[in-house]
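Engineer: Fit chain B to the given chain A structure using the hints.
Chains A and B, in that order, give the protein sequences.
Letter 57 of the first sequence, counting from 1, is numbered 57 in my numbering, and no numbers are missing.
Just remember that my numbering sits 181 ahead of the position in the second sequence, which is counted from 1.
By construction, these hints were calculated from the structure, which means they are not laboratory data.
Any given hint could turn out to be false.
Result set (EDC-like, lysine to aspartate or glutamate): computed pairs, CA atoms no more than 16 Å apart in a straight line [said to hold, decoys possible]: (1) A:Lys171 to B:Glu268; (2) A:Lys102 to A:Asp155; (3) A:Lys139 to B:Glu268; (4) A:Lys139 to B:Glu269; (5) B:Lys195 to B:Asp294.
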Amino acid sequence: MERNLVFIALFAALIAALGLIPKIDLASGVPITAQSLGIMLAGTVLGAKRGALAVLLFLALVALGLPLLAGGRGGLGLFASPTAGFLVGFPVAAFVAGLIMKQWQHSNIALVATVAAVIGGIIVLYIFGIIGLSITLDKSLMESTLLMTPFLIGDAIKAVITGLVTQAIAKARPEFLFSRA
Amino acid sequence: MLSLSVSGQSWLHKSPTPLKLIVLCVATFMLFSLQNWLDALLALVVVCGLYLSIGWSFAKIGIERLKPLIWMILVIMLYHLLTSRIEEGVVISLRLCAAIGLATLITMTTRLDAMMKVVDWLAEPVYKLGLPRRTLGLASALVIRFTPVFIERGTKLSDAWKMRSTKRPNHRLLVPLSLAVLDDADRVAEALKARGGLSSIKAGAESSKSAQTKDQRTKL
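Next up, chain A with everything else stripped away, as it sits in the complex (with noise of 0.2 Å):
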């Protein structure tokens, strides 16, 4: 119990920090913000139900007034702009790529984070995001899905970078894969 509340809420705490450390660079020379790399992250490090819980903290903390989000944003002021469905989406992504992790025991950790990352933190994502878009922007779920395309390279980037962070952690220390375990 503990330990799982511990993990979760410090894993919350580095998606914050991803979101306000000063930008690095993820491709060369494109500066994109890593606050939805953690959101990956949590699914394919800690798991389905431990990665949402964690996504969830962190957004309950944003909702609250904390200025946790990517550029310390914060506030229920977000959950009523065009990005909320992403939001919305952010622990169910996580629980996504971790229920990947756990039902695909395939030996290469790269690859199945990264499609994992792909199907959660993408896939998944989008349509929730995309959904959002539509409501507050009042398009069609087609013309959101065509102004969302622009940021799909960086997320594949994204997908790419979980799998191998997602691997070293998996050499580096075994014990704290939860979503193997």
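Structural biologist: Same frame as chain A, now just chain B:
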């Protein structure tokens, strides 16, 4: 700055938090159903009036908080201009400003502990199922305590990188950072267990914890 709430004694500060949240929910749903630009403009004027009813200096903080909205509105208007649906763009922009402005207003006039109380009330059924009552408070305190720690560690790692490499820091830093997070979690969990665990955190521990959060507040 730890919380986005702005201290004050206005009527909105004093209104009960659950009521404010319910009104916000209903109002947001209504706002997003507005289809006419005049209605949307009227809604925005009402929201602006609410800010001003609390005071001019408060309204100025609100404007400062909502500044990033300008970019979003510009993108939305540009998109609608290019697809020649200007009126639709105006309605959507006004509506969004009103909805986000209203939600921000509630965040600004509600203290963190009042929000926490609502969460505690919502979590009541889960507590009844056997979740120790301190769980949510302890988890929140841990996040608040460790976020600055991890930001500092990330900055240190990237400084160390810059000392040694001509290339800019990249994703490789995420490995030592996340390993450090996991190791920290392991140690904190041990320490928590050694002190009797979650269920036995009693009044004494609680007072020391609140002293600790106060400490951070001054630090931040």
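Engineer: Take the hints in turn and mark each one as holding or not.
Structural biologist: Hint by hint, here is what the structure shows:
1. A:Lys171 to B:Glu268: violated (56 Å)
2. A:Lys102 to A:Asp155: violated (22 Å)
3. A:Lys139 to B:Glu268: Roughly 14 Å between the alpha carbons, so the hint for A:Lys139 and B:Glu268 holds.
4. A:Lys139 to B:Glu269: holds (10 Å)
5. B:Lys195 to B:Asp294: holds (14 Å)
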